[in-house]
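Asks: So the protein lines, in turn, are chains A, B and C.
Per my numbering, the first sequence runs over residues 1 to 251.
Per my numbering, the second sequence runs over residues 1 to 289.
Per my numbering, the third sequence runs over residues 1 to 290.
Rather than coming from a laboratory, the hints here were simulated on the basis of the structure.
Since we're looking at a predicted model, the values are computed, not measured.
Some hints here could point you the wrong way.
Partial chain C-side listing against chain B, Cβ under 7 Å, derived [unchecked claim]:
#1 15
#2 139
#3 140
#4 142
#5 254
For glycine and all other residues, C-beta sits at the position ideal for the given N, C-alpha and C.
In case you want the letters, here they are:
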Amino acid sequence: MAAQLQFNDVTFGYDRHPAVHHLSGEVARGALLAVVGPNGAGKSTLFRGMVGILKPLSGAISLDGLDTRDIAYLPQIAEIDRSFPITVFDFVGSGLWRSTGLFGGIGEAQRKRIDKALAAVGLTGFENRTIGTLSGGQLQRLLFARLVLQDARLIVLDEPFNAIDERTSADLLALVKHWHAESRTVIAALHDIELVRAHFPQTLLLAREPVAWGATAQVLSAENLQSARRMCEAFDDSAAACVIDPPSRAA
Amino acid sequence: MRRLCLILVVFALAAQPSRAEDRLDVVASFSILADLVKNVGGDRINVVSLVGPNGDVHVYTPAPSDAKTNAEAKILFINGLGLEGWLPRLVQSAGSKAMIATASDGVAPLQLGSAADPHAWQSVPNVRIYVANIRDALSSADPADEAVYRANADRYLKELDALDAEVRAAIAKIPSDRRKVITTHNAFGYFAAAYGIAFLAPVGVSTETEPSARDIAVLIRQIKLEKIPAVFLENLSDERLIRRIAAETGAKVGGTLYSDSLTDEKGPAPTYIDLMRHNIKALTSALGN
Amino acid sequence: MSLYAALVAPFTDFEFMRRALAAVIALSLGGAPIGVFLMLRRMSLVGDAMAHAILPGAAIAFLLYGLNLLAMIFGGLIAGFLVAILAGVVARSTGLKEDASLATFYLASLALGVSIVSIKGTNIDLLHVLFGNILAMDDQTLLAIAVNATITLVVLAVIFRPLVIESVDPLFLRTVSRAGTPAHLAFLALVVINLVSGFQALGTLLAVGLMILPAGIARFWAREITGMICIAVASAMLSGYAGLVLSFQTRIPSGPAIILVAAVLYLASLLFGSVGGVLRQLFPGRHLEA
Chain A
1 MAAQLQFNDV TFGYDRHPAV HHLSGEVARG ALLAVVGPNG AGKSTLFRGM
51 VGILKPLSGA ISLDGLDTRD IAYLPQIAEI DRSFPITVFD FVGSGLWRST
101 GLFGGIGEAQ RKRIDKALAA VGLTGFENRT IGTLSGGQLQ RLLFARLVLQ
151 DARLIVLDEP FNAIDERTSA DLLALVKHWH AESRTVIAAL HDIELVRAHF
201 PQTLLLAREP VAWGATAQVL SAENLQSARR MCEAFDDSAA ACVIDPPSRA
251 A
Chain B
1 MRRLCLILVV FALAAQPSRA EDRLDVVASF SILADLVKNV GGDRINVVSL
51 VGPNGDVHVY TPAPSDAKTN AEAKILFING LGLEGWLPRL VQSAGSKAMI
101 ATASDGVAPL QLGSAADPHA WQSVPNVRIY VANIRDALSS ADPADEAVYR
151 ANADRYLKEL DALDAEVRAA IAKIPSDRRK VITTHNAFGY FAAAYGIAFL
201 APVGVSTETE PSARDIAVLI RQIKLEKIPA VFLENLSDER LIRRIAAETG
251 AKVGGTLYSD SLTDEKGPAP TYIDLMRHNI KALTSALGN
Chain C
1 MSLYAALVAP FTDFEFMRRA LAAVIALSLG GAPIGVFLML RRMSLVGDAM
51 AHAILPGAAI AFLLYGLNLL AMIFGGLIAG FLVAILAGVV ARSTGLKEDA
101 SLATFYLASL ALGVSIVSIK GTNIDLLHVL FGNILAMDDQ TLLAIAVNAT
151 ITLVVLAVIF RPLVIESVDP LFLRTVSRAG TPAHLAFLAL VVINLVSGFQ
201 ALGTLLAVGL MILPAGIARF WAREITGMIC IAVASAMLSG YAGLVLSFQT
251 RIPSGPAIIL VAAVLYLASL LFGSVGGVLR QLFPGRHLEA
């Protein structure tokens, strides 16, 4: 299968300290990949690098001709100004940016798409509410609706089910499976190991360096999980400059 | 004999520099006053003006160098009548032992609103009093040169008399029903009282107050009613307001009148006498025909 | 006095009143929408900062050309742009937030301006010369305000969408578009233009006041940004008209009169506004079925 994403020995970090160290590998087109690892493992950093917000310290990511602006990204902590006076309809509508641009009108066709997206996440009837009146779970649904409108080939979700109720999680997970069925490539960072085992065929176990990558059942073995937990969270201020070394050591 | 002359010349030359170093250091608060002081003191004094040409003496903020200048001076000449609101604190902080001479002592003050009108120099007869006060102050600080100061003052007083006559003659040529003007700055009360021209203004004494729409409406009505011929700009405040009033009333914009400060050498009013001459010329040319 | 004499006659009788009204309408059209965005982006104090930031530009123009109003306005614009854009760029590329960034630049700018003026030796209050009065609207100034309002509305229409998205979810806009930074800088440019031309036409109080107060008023009546902008423009015009009438009937200067009316409207909105007004919060009425 063709690769949607290719990591070429890429390292991401802050202030020269690596948060993701020497990652290489491929994500196939249409894959449903979970990225798992302890806190500080570099998952969010990796995602920021994928969508182009963070420049690599070394190495590169190639995207099979895809523009980073055509990736749909859901950050872990949304820096949204909840007090801004904008309706659910208009907020979700911004997901159409890539097709409407600065001046494109929101015509009948676009309106239908917005309505469908809101229906897909269970927010029909919320169109005229301002975003400040939504609960946490409703806001997450809103963000997913925007992802739907972005109609992207690659969707990147950073801990999408944190701190929301079970029913919302279930609904949104169904949406993720639906995307997979539509042959979109979906990469999600997740903490819930059981959820990963149950729904995600591929997993990357990351602990700053890749511990294991492949079919979920093999990757999430007790031994690998043990390895990942041993990873040191803090940056080492006295570390020497990195010489390329075998990627087997996890700590 | 030749040797004696040579010795005398050498002595005379040697004596000159020391005479020059004896110059009295004085300070005047603003440029018009400094000019008067210079005319009375001549080359026996060094005069520094705190507020320079084109400066606004109503809202001046002293700099540290001013405190230094004050400390070194023997006499500080001020206008008085409330003009230099910023001065008492400067004098106090400078710790200067200078004698403070108020040039307007003895001038009969006019009222402007609730306070005294400080612009007494706009009437030449008042400036005669200023000159006398300046001469007396210089003489008491430097009695050795009293004769020089008296001579300079007399000469300058003659010039002032000629100026006064000039002004009165010029105004006499203006038809009596046209002797009224509008200007932005209420600085000409003394001129009006001395020479018989009415000055109307939409704003108060200082350059800070803002007019209300009512004030302007009243003024416009008055100008139209009394057929006031000209409006004048003053060199420090918003000329656009004046032009607007002129446009709406049909009055002529007569040019600039200088009130609170001299201009620099290149301008039309580098000395007091030049300032008055310029003003009267502007007035007569706008009101004359 | 009849209602007509109080409310309409001042404008039919006096041209300076008609011009002042025209100026206030133009200023409302351009300034009020900008003010709404300033308020939503927590930049409400930028007006005061900008009033000081323009000083070195005006000072340099004064040094070179003397008391030439056009030169000083131009210098002020350049200084204002530099400060606003530098502050914006620094805020986006470093960890420093917009307000601190702007504060440092405007203070440095003001100090520079004061120093430049003192070199020349006079104590002339340049800013006072630069700041105008709404009752003194000549043709040139009126035209400048009208042009400024037109430019503002046109540019705002162009950058409206990215500006809104950038205000509510800047990270999202960054990931899907490169229009975020240019839109932001264009907005800053509009702020500077509106402020500088507002200062020289009307003085600081009016220029800033008619931007910020109407935005505050609109906050209490509209839930959504388009409605907010409309209400802001309307309340700015109403304040301008009523303020002029007030200044005509009393001795209150025109600028303060307009701002006082706006403040009263703000207070009324604070108490009685349908969106978050105090009285609404204290006495919400019976709740709905669902």
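Asks: When the structure is checked against the list of hints, which entries are broken? Sort them ascending.
Replies: 2, 3 and 4
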